[in-house]
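Number of protein chains: 2
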Amino acid sequence: MSTSAKPFLQALVDAVGADAVVPGAEVAPRHLSDWSGAPPVVPLALVRPRSTAEVAAVLRLCHAHRVPVVPQGGLTGLAGAAVPAADGIALSLDRMNAIESLDTAAATLTVQAGATLQAVQEAAAAQGLLFGVDLGARGSCQIGGNLATNAGGNGVLQFGMMREQTLGLEVVLADGSVLPMLRPMVKNNTGYDLKQFFIGAEGTLGVITRAILRLQPAPRARATVLVALAGPDDFQAALALLRRLQARFPGAVAAFELMWRDFVEASLRWQALREPFEAPHPLTALVDVTGATEDALHTALESVLGEAMEAGEVADAVVAQSQAQAQALWKIREATAELPTHMRPPINFDVSLPMADIGRFAEACRDALTARWPAHLTIFFGHVGDGNLHLSTDARTVGGDEAGVEQMVYGLVAEFGGSVSAEHGIGLHKKPYLGASRSPAELAAMRAIKQALDPLGLLNPGKIFDPHPAPAHQDTP
Amino acid sequence: MSTSAKPFLQALVDAVGADAVVPGAEVAPRHLSDWSGAPPVVPLALVRPRSTAEVAAVLRLCHAHRVPVVPQGGLTGLAGAAVPAADGIALSLDRMNAIESLDTAAATLTVQAGATLQAVQEAAAAQGLLFGVDLGARGSCQIGGNLATNAGGNGVLQFGMMREQTLGLEVVLADGSVLPMLRPMVKNNTGYDLKQFFIGAEGTLGVITRAILRLQPAPRARATVLVALAGPDDFQAALALLRRLQARFPGAVAAFELMWRDFVEASLRWQALREPFEAPHPLTALVDVTGATEDALHTALESVLGEAMEAGEVADAVVAQSQAQAQALWKIREATAELPTHMRPPINFDVSLPMADIGRFAEACRDALTARWPAHLTIFFGHVGDGNLHLSTDARTVGGDEAGVEQMVYGLVAEFGGSVSAEHGIGLHKKPYLGASRSPAELAAMRAIKQALDPLGLLNPGKIFDPHPAPAHQDTP
Numbered sequence: 096m097s098t099s100a101k102p103f104l105q106a107l108v109d110a111v112g113a114d115a116v117v118p119g120a121e122v123a124p125r126h127l128s129d130w131s132g133a134p135p136v137v138p139l140a141l142v143r144p145r146s147t148a149e150v151a152a153v154l155r156l157c158h159a160h161r162v163p164v165v166p167q168g169g170l171t172g173l174a175g176a177a178v179p180a181a182d183g184i185a186l187s188l189d190r191m192n193a194i195e196s197l198d199t200a201a202a203t204l205t206v207q208a209g210a211t212l213q214a215v216q217e218a219a220a221a222q223g224l225l226f227g228v229d230l231g232a233r234g235s236c237q238i239g240g241n242l243a244t245n246a247g248g249n250g251v252l253q254f255g256m257m258r259e260q261t262l263g264l265e266v267v268l269a270d271g272s273v274l275p276m277l278r279p280m281v282k283n284n285t286g287y288d289l290k291q292f293f294i295g296a297e298g299t300l301g302v303i304t305r306a307i308l309r310l311q312p313a314p315r316a317r318a319t320v321l322v323a324l325a326g327p328d329d330f331q332a333a334l335a336l337l338r339r340l341q342a343r344f345p346g347a348v349a350a351f352e353l354m355w356r357d358f359v360e361a362s363l364r365w366q367a368l369r370e371p372f373e374a375p376h377p378l379t380a381l382v383d384v385t386g387a388t389e390d391a392l393h394t395a396l397e398s399v400l401g402e403a404m405e406a407g408e409v410a411d412a413v414v415a416q417s418q419a420q421a422q423a424l425w426k427i428r429e430a431t432a433e434l435p436t437h438m439r440p441p442i443n444f445d446v447s448l449p450m451a452d453i454g455r456f457a458e459a460c461r462d463a464l465t466a467r468w469p470a471h472l473t474i475f476f477g478h479v480g481d482g483n484l485h486l487s488t489d490a491r492t493v494g495g496d497e498a499g500v501e502q503m504v505y506g507l508v509a510e511f512g513g514s515v516s517a518e519h520g521i522g523l524h525k526k527p528y529l530g531a532s533r534s535p536a537e538l539a540a541m542r543a544i545k546q547a548l549d550p551l552g553l554l555n556p557g558k559i560f561d562p563h564p565a566p567a568h569q570d571t572p
Numbered sequence: 096m097s098t099s100a101k102p103f104l105q106a107l108v109d110a111v112g113a114d115a116v117v118p119g120a121e122v123a124p125r126h127l128s129d130w131s132g133a134p135p136v137v138p139l140a141l142v143r144p145r146s147t148a149e150v151a152a153v154l155r156l157c158h159a160h161r162v163p164v165v166p167q168g169g170l171t172g173l174a175g176a177a178v179p180a181a182d183g184i185a186l187s188l189d190r191m192n193a194i195e196s197l198d199t200a201a202a203t204l205t206v207q208a209g210a211t212l213q214a215v216q217e218a219a220a221a222q223g224l225l226f227g228v229d230l231g232a233r234g235s236c237q238i239g240g241n242l243a244t245n246a247g248g249n250g251v252l253q254f255g256m257m258r259e260q261t262l263g264l265e266v267v268l269a270d271g272s273v274l275p276m277l278r279p280m281v282k283n284n285t286g287y288d289l290k291q292f293f294i295g296a297e298g299t300l301g302v303i304t305r306a307i308l309r310l311q312p313a314p315r316a317r318a319t320v321l322v323a324l325a326g327p328d329d330f331q332a333a334l335a336l337l338r339r340l341q342a343r344f345p346g347a348v349a350a351f352e353l354m355w356r357d358f359v360e361a362s363l364r365w366q367a368l369r370e371p372f373e374a375p376h377p378l379t380a381l382v383d384v385t386g387a388t389e390d391a392l393h394t395a396l397e398s399v400l401g402e403a404m405e406a407g408e409v410a411d412a413v414v415a416q417s418q419a420q421a422q423a424l425w426k427i428r429e430a431t432a433e434l435p436t437h438m439r440p441p442i443n444f445d446v447s448l449p450m451a452d453i454g455r456f457a458e459a460c461r462d463a464l465t466a467r468w469p470a471h472l473t474i475f476f477g478h479v480g481d482g483n484l485h486l487s488t489d490a491r492t493v494g495g496d497e498a499g500v501e502q503m504v505y506g507l508v509a510e511f512g513g514s515v516s517a518e519h520g521i522g523l524h525k526k527p528y529l530g531a532s533r534s535p536a537e538l539a540a541m542r543a544i545k546q547a548l549d550p551l552g553l554l555n556p557g558k559i560f561d562p563h564p565a566p567a568h569q570d571t572p
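Respectively, the protein sequence lines represent chains A and B. Taken in order, the first sequence gives residues 96 to 572; the numbers are from the working numbering. Taken in order, the second sequence gives residues 96 to 572; the numbers are from the working numbering.
No lab work stands behind these hints: they were computed from the structure. In this text, a Cβ means the ideal position worked out from N, Cα and C, and glycines have one as well. You can take every hint at face value.
Rough simulated footprint, nothing fancy, chain A against chain B, three-plus residues with beta-carbon under 8 Å:
no. : segment
1   : 283-292
2   : 449-458
3   : 520-534
Only chain A is shown next, with the shape it has when bound in the complex (with noise of 0.2 Å):
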């Protein structure tokens, strides 16, 4: 910064009020640092505006005084993107979290960034209607941080990712300047999409302030199905059922949950379940679709598994009777929440991939795991009916190389043309293999964008890419 603190705090507290403004020292740990566990920083202060008008206050100073802004959402991200600037101010939108309206007959609901997922998808709840994104964090996790980092999640498969959700933003720039695009409209051809430059951004290029979402009609009813698949190639007919229940059920397949052996293994140890099937398979899938009714659903899901078996896709399948064996199904899957008692720490990916090499690159990534490290225990699962695999290594397996499994891992997905982040960013954490994902031609254009956007650099400095190319080991790892 240009200035001094003491001026710069002063003319904060003179702008939005003593109670808007915590000074670094008297800032909460919990605002340190992110669920990435990147070491924490302290910033200069923590601001909490209270609305649009005082955003655009705050960052004009910012950039008057030439202050970085690090925004912070619900602080769950797993990159590192919500870490303070020591020499910068915190930027919480967590006091701006109204729902503002919800229009049922547009389906669309208006909301402050500081809301918390679980909010919006309750009000939506409320309405018999339901927002597409679901995951984890939802309690804690806050629109705005979903928007900055395009989260993905539970609903991908059915309803898109954060971006397919979002009707229209506002979002306040580097100089305090308002864009405003709360449009509500789902067409609108009207020069560049403006919005979808900073959905995904991770806070680099504005500071969203309010969005318009959309909402879908609640379904009626949903089966779960466990599917053990069949054949030399189960990969491939993991992916020929998927288009099977695509084709009968259209838009309406909700879950298509990948799991190699190792997981459902370490998994029914872990949480001493016992085998779903009658023998172990190599390839589990669990499946969920959604309609009018149950009875119809389990009588169109019969006649799709029996034309699977028939067809050489499936060796058995176990449908879901009650809500509470597609709890018990679901339970299986759900053993990534004992990962950090069971792996001292989990080296965790969170990968993308061609959908038809995925069966292939975990046959790659686990031989070469073994073969450097020949009692490596790394489960492979993941929601592969959107191309994307998480794989998670017992660091004490590999005696604690963690940069050594980083380097294999993402190497071989460069290797495979895939994404080193499929939802959960680059932030700080994933920026050294970035070069792993993103064509050099690629890189430069990103940073043209910034330089456009933020040309002084205020905006979450040194997330996603340093502002100037970094030497060579860095982007390629």
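Go by the hints and put chain B onto chain A.
Just chain B now, with coordinates in the frame of chain A:
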């Protein structure tokens, strides 16, 4: 341009061959304008590259010689975005028309920009899949143009616009550098989603050369129903019916077209058709739903329509019992093909509005037109499930005052917070009205993005907006 034309044209011929460079005087008339009816412009040359490498070579040359470039697809646009510049080249992608690959397991397709929409649809259909975008110009329009204009059309309600079908793009930038973003992943949160910048930018930020598109399972059955909405607020009844249908057929309501009585009357008269109901109704909806079997669809439709009648939303309904009956019902909606014959000429609008306000907007619009031109003939209809309203006024009934009608309608669109272009784009035709849908802050941000990616202003210059803020009367009619 900074040099005389001769050496530049010779350099072009050296780079891509004489057969790929057509001198201005020899350019076929169809390349001089598009379906907007904008006055034809003869370019320096028409260039027809065969590969991305040739597009890059052409753009490098244009950059070195400061020559404007107007990309051209199928030239079916209605806004004038593909009209050449007299001091630039027209760059036709028509030779790059290969469908490079189709991955049935992943349900994706890789295509060059010059392939027609119909070729993509047919390639998908040959594998039992469906491409989610469809529009009347399918046989001529090209995928590159569909992407550059974020095309809408008939499938938006179920599958979204062109943007939602796009997983990856390859783009050549103004300086001839290639931006490779051809990744087939649904989930890829690795920094800015650059491809979003080029979709809908009407060729002003880069030249789209290839794309990876997502495909859908082809629906097995389709049912059509014509519904007379019930009063006293029949537009709100229409919205309630839409939500009811979407709850019963999640993801499977494929069309929800509204027709006001003026439209139905004109359609029946022009095509000598019979009234579809015993009595005329002020508002009619044409609905398509898709599913597994026709029998199941009909049973479910009858049950939903019964509920809607009890709820006072529906006055009467006809469910098509055969493909022929479905076509007969759709014929009423397809009167738009008769517009150029029966209105001389039609003054056409393609606007978007907040869903809940479309009924009020149509009334306000009709009242305003009647107050000034008591004998005007205007018909109201549209893809109302997407918030998209079309209206057409017979120019003869308003004394030929096209500009007067446009100013009145776009003024009301601005008042209602709507969009002056739902799906056709801005191009040249709607430039004067862009300010009715975009704030000065948004226009400034668009100019900053343009400056960042095309600092010399060579790509499709003067389309969407002028490089520098125009006088007030241009942005706010």
